[in-house]
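K.L.:
All chains, please: the whole structure from these sequences, using the hints.
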Amino acid sequence: MLTKQILDHTGHVLSEFYVDETDSRSLQIHHKVTQDLGPTLKLTKTLRDNQHLDPFANKQSGWKRVAEIPRVLYDQLAQQGITKDKKKFKQWLNDYHNKPFRVWEGHL
Amino acid sequence: MAHQMARRTKELKRSVEAALLSNQAKATGNATTARTSAMIGAWLDTNTSFDATSGADPVTVGSTARTDSSAQRALTASLINTVMQSCYTEGGEPDRLMVGPFNKTVVSTLTGRSIAREMIDSNTAGSNVTVFATDFGDLQVMPNRFQRERDAFLISPEFAKVSYLRNFQVSTLGKTSDAETKHLVVEMGLEMTQEAAHGGIFDLTTS
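In the order they appear, the protein sequences are chains G and F. Residue numbering for the first sequence follows my numbering, starting at 1 and increasing by one per position. Residue numbering for the second sequence follows my numbering, starting at 1 and increasing by one per position.
Worth flagging that the hints you see were computed from the coordinates, not collected in a lab. Please read all numbers here as calculations on a predicted model, not as lab measurements. Among these hints, one or two may not hold up.
As the list claims (entries may be wrong) - Straight-line alpha carbon distances no greater than 25 Å define the calculated SDA-like cross-link-like pairs of lysine to any residue that follow:
(1) G:K84 - F:K161
(2) F:K10 - F:V170
(3) F:K26 - F:R14
(4) G:K87 - G:Q76
(5) F:K182 - G:I6
(6) G:K88 - F:E93
(7) G:K90 - F:K13
(8) G:K32 - G:M1
(9) G:K90 - F:Q85
(10) F:K26 - F:Q4
(11) F:K10 - F:K161
(12) G:K64 - F:P101
(13) G:K32 - F:N144
(14) F:K10 - G:L77
(15) F:K13 - G:L14
(16) G:K90 - G:L37
(17) F:K26 - F:S63
P.N.:
The structure is reproduced here in structure tokens:
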């Protein structure tokens, strides 16, 4: 019998527990975390498309928003050791395939 | 039983994270009181920014808790820059900024983007890690609901780790009638290898 339990639902992130009990001696437990990426992608696109309206998008402010990374994806990168390694993390951010998460598109 | 054990383990892991990010002081413990380990609030002393009304760094670093101020102030880019610069001067390079959910929304609009202020709702801000390029290196800003909202931590991950005195372990307790009971225990502490590599911004507004 498969039972599902919602552990947590905060923001766009949903955390669920799946318990699959085929018989009294066999039990499988899965923890599944999902995130709706739509709002993040919409946000990054709007910020990219409207950079010319941003009075602070220059070096003088000292701060430049580079990317918005969904939490589930960040956790995956952390498990792969990418977020701990500054060089690898920059490579990941500079990768063309990850462009949807970038806001400022310059090379890091 | 396995289902319950999995749930309780997750619960305990959350408690561990909340403890690590707390302002807990060290206590030796005795026959009636459990021993406690100093957590991040009690460690940070060199690179800190706090409200001067009544706030103060720990009297003894790594031993006593810090004193919260009766007044609070808003998190600003200037506060973060000052503490980052202080860490940099001390030789540290913090690349993570951990803030509570409310202050994550504050950070998300720090760069003054009118567009961002309109677009970023708290749900989106709380579900993402924002990466900023700053004068002192790249900064990954992440929300953490297990820490106090009034604190923000600039962390150099290589200079702090969790040390286990007793790692997660299960023991079976005596059986009562047909009921089985198990005991899940973990004993850990924050191993701060260099507190000056990190920074803390305290007494922040929480809503």
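K.L.:
It remains to establish, for every hint, whether it holds in the given structure.
P.N.:
To see whether the hints hold, each was checked on the structure:
Restraint check for K84 of chain G and K161 of chain F: satisfied, since their Cα atoms lie roughly 13 Å apart, inside the 25 Å limit. Annotation: proposed proximity of K10 of chain F to V170 of chain F holds, straight-line Cα distance about 14 Å (limit 25 Å). Straight-line distance between C-alpha atoms of K26 of chain F and R14 of chain F comes to about 20 Å, which keeps the hinted pair within the 25 Å bound. At most 25 Å may separate the alpha-carbon atoms for a hinted pair to count; K87 of chain G and Q76 of chain G meet this at roughly 17 Å.
Distance hint between K182 of chain F and I6 of chain G is fulfilled; the C-alpha atoms sit about 24 Å from each other, no more than 25 Å. Pair hint K88 of chain G plus E93 of chain F holds up; C-alpha atoms about 17 Å apart against a cutoff of 25 Å. Proximity of K90 of chain G to K13 of chain F is assessed by CA-CA distance (about 30 Å); at most 25 Å being required, the pair is judged violated. Of the pairs offered as hints, the one joining K32 of chain G and M1 of chain G holds, with about 18 Å between alpha carbons and a cut-off of 25 Å not exceeded.
Restraint check for K90 of chain G and Q85 of chain F: the C-alpha separation of about 22 Å stays at or below 25 Å, so the hint holds. A hinted pair counts as satisfied when its Cα atoms are at most 25 Å apart, and K26 of chain F with Q4 of chain F does not qualify at roughly 32 Å. With a C-alpha separation of about 19 Å, the suggested pair K10 of chain F and K161 of chain F falls inside the 25 Å cut-off, and the hint holds. For the hint linking K64 of chain G to P101 of chain F, the alpha-carbon distance of about 21 Å falls within 25 Å, and the restraint holds.
Distance hint between K32 of chain G and N144 of chain F is fulfilled; the C-alpha atoms sit about 19 Å from each other, no more than 25 Å. Among the hinted pairs, K10 of chain F with L77 of chain G is consistent with the structure: their alpha-carbon atoms are about 21 Å apart, no more than 25 Å. With a C-alpha separation of about 18 Å, the suggested pair K13 of chain F and L14 of chain G falls inside the 25 Å cut-off, and the hint holds. The hinted pair formed by K90 of chain G and L37 of chain G meets the criterion: a straight-line CA distance of about 21 Å does not exceed 25 Å.
Restraint check for K26 of chain F and S63 of chain F: the C-alpha separation of about 5 Å stays at or below 25 Å, so the hint holds.
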